[in-house]
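S.K.: Sequences listed follow chains A and B, in order.
Residue numbers for the first sequence follow my numbering, so the first one is 3 and each next one is one higher.
Residue numbers for the second sequence follow my numbering, so the first one is 3 and each next one is one higher.
Please keep in mind that the hints were generated in silico from the structure rather than gathered at the bench.
Do not take every clue at face value.
Treat identical chains as interchangeable: a pair holds within one or across any two.
Dumping the calculated DSSO-like pairs for lysine-lysine here, alpha-carbon to alpha-carbon at most 30 Å [said to hold, decoys possible]:
no.	residue 1	residue 2
1	K418	K292
2	K380	K237
3	K59	K376
4	K271	K84
Protein chains: 2
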Amino acid sequence: MNRLRSSRRGLLAAAGGLVASAGVQVAARAAPDAAVAKLPATTEAFWGDHQAGITTKQQSHCYFAAFDLTTEKRDDVIALLKTWTNAAARLTAGQTAEPMGTDHDAPGPDSADALGLSPARLTITFGFGPGLFVKDGKDRYGLAGSRPDALIDLPRFNGDQMVAEKTDGDLSIQACADDPQVAFHAVRQLARLSYDAADLRWSQTGFTSPPADGSTTRNLMGFKDGTQSPPDVAKAVWVGDDGPVWMRGGSYLVVRRIRMALEHWDRTKVSFQEQTFGRQKYSGAPLGLKGEFEPLGLDRTDADENPIIPENAHVRLGNAAANGAAEILRRGYSYNDGVNFTAERWPPWRQGMEYDAGLLFLCYQTDPRTGFVKLFEKMAKFDMLNQFVTHTGGGLFAIPAGIRQGEYVGQRLFEKA
Amino acid sequence: MNRLRSSRRGLLAAAGGLVASAGVQVAARAAPDAAVAKLPATTEAFWGDHQAGITTKQQSHCYFAAFDLTTEKRDDVIALLKTWTNAAARLTAGQTAEPMGTDHDAPGPDSADALGLSPARLTITFGFGPGLFVKDGKDRYGLAGSRPDALIDLPRFNGDQMVAEKTDGDLSIQACADDPQVAFHAVRQLARLSYDAADLRWSQTGFTSPPADGSTTRNLMGFKDGTQSPPDVAKAVWVGDDGPVWMRGGSYLVVRRIRMALEHWDRTKVSFQEQTFGRQKYSGAPLGLKGEFEPLGLDRTDADENPIIPENAHVRLGNAAANGAAEILRRGYSYNDGVNFTAERWPPWRQGMEYDAGLLFLCYQTDPRTGFVKLFEKMAKFDMLNQFVTHTGGGLFAIPAGIRQGEYVGQRLFEKA
């Protein structure tokens, strides 16, 4: 098949000899190599020491997907990761997943729904779940010995209502972009390229709407979310020399699909919402203080020597330093999957159609044992916010180091093992 | 309770006497009346001869919601519509749903998640389903005699797989905005204000990503969608003097949640996709022609006198003029609800996790009997595209005329009856 290198915009020139209609650019975009050299503002670099999409300025949309590996062959996994790497490099540069051909009597090498769209700062972040190393006790790919200690099986936390169809996965892809169609398009191409080796297990869309004035984004509970970030992001996120070589410069991603009881929340007094969070709703300031960015002051007490920020307030239990945990980098999105039938776990015990909406919580860290797990074991038991949220899905994924040009994602894992 | 008029941005000044943090504007936005006089570019007019959100330039996001009325009292319905009208006027002007109070020991009058966000060209379009007039044979509100002839019970079409939890409704709200959080926020406030009279029945998010160069938007099948629009939009959409008075200047909305078998589609030859649509995939031109905007030329034949655009091609069967139907205005969005377990209805009969993604089809017309129903009865039987799509939900809603300031939506219906 005579395949031509072509970009999304250059496609019309290549497709079946069609004459491009007025206004369509026919000059092919730069090939990936050249694209890295001078990136337009709508493009994020794909190759590097770290995978993009972790410390990258957060895009407005996310499509997260987890896959089950269906092949039993190590070579198939390697082939898939090579294919994914090549396609991801193209997609993040605003190109089609594979070069467009001239053969119309074959399935298209790209679903074409992102033709004409900007790369929209697309990032594609690959992850490896525990199932890549061991699944149902089986070492399918000879990788069992390479499973990092930090890639634990997440424990069941208090209150977890995890649905199998929205949980775990052998591989993960986090696609973020400033356009929901571009993010979905990316995962869809990668999923299509995996047909012989992997099946989509679950996926989740997400969005975030930061105010134009640069103030902190509010989550669906109406509170500012993201006021505090780790004082040293790189230290919080990137695995150092103590991990396996292939994970150095990588990270660990914990995903939680957190449904919010928004109807219940909307009927709750603002003063109680604020006690629950430990912050004021409108200003974002810690209870009793004036400014959003003031230190929490967790040891402040009132005249009766009661803590001003309650012992079970979200912000106290979620504070890494105060709970002996390592800092984590949160990168959450809101999700909105319409409504479905739900019975509430707490008063008013309402049953009926309720929003299936909330938070696609994504957080990165050097080690989930000292990060998310350490923090959340206590939060899951005591956080006042728990009566308004339910964790219904998620997973833990090792995020390999960044990919150098010519490499494929995870290459240092497979070549070592 | 001492309630203050305040806008989203002015909120901090009013909320509990908190001092606004740096960079926050404390000047309240203009009240609704003044806002109509000079609208910023991010605001669409709410009051007028027609409801907004129909011929309004399409926004990038949509949140559609349908409600069941739970009250048996006509006055409750009127009160709800008054409340909704007032709140919608505020929300579309970028304000909170209700004026913010200073009372923190009560639920907030707004969920606050859109504070600081632009109105994002929010439009709110209200609709009345058949159940407002007659439900289970009961005339709950004394409106049975006012049910328009055009507000039929939609027939079951060939291939329909309608799910009750995503179908019908006594009332509808279509919220469109250039920000998904603003669209959801609007419906959520209106739903909260309806707690005593109505329950959310179903809802659906949608998005559309038009290319920046102004070329036609592509749907998730990768084809351009929207090349043809009615030659006379006003004539296609607005009910004239032949309808009931309260519907003059109104319209009828048909909603269909159309799932696409994207995995199947992506494995289909491009040439067959093009035969199915009757258009070329990349240029959008009718089969055998060069330009996207050339007339379809449905009577063109090849050397063997076979039609170039097949008899069962989507564009031929969807063409109003060629099928004796009235023109309709399509205003569709893509939807993306992740993946779930599906058994395909056609070869390759695949079973497994598949995308629950496709088209939130919304179309407006003067009369569904001559518009959507006339067109779709034939399409549902013969359209080649049917093997790739399944209609899983939707409804029909009468969209009352526009609302004049001081009126509430549907007032002319209730005062007449």
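S.K.: Against this structure, judge whether each hint is valid.
M.R.: Each hint tested on the structure:
With identical chains, the CA atoms of K418 and K292 are never at most 30 Å apart, being 54 Å at best within one copy and 54 Å at best between copies. When the C-alpha separation of K380 and K237 is checked against a cutoff of 30 Å, the pair qualifies only within one copy, where the shortest distance is 23 Å, while the shortest distance between copies is 63 Å. In the homo-oligomer, the alpha carbons of K59 and K376 lie at most 30 Å apart inside one protomer (26 Å), although the nearest pairing across protomers, at 50 Å, exceeds that limit. In this assembly of identical chains, the alpha carbons of K271 and K84 lie at most 30 Å apart only when taken from different copies (25 Å versus 53 Å within one copy).
Violated hints amount to a single one, hint 1; each of the other numbered hints is respected by the structure.
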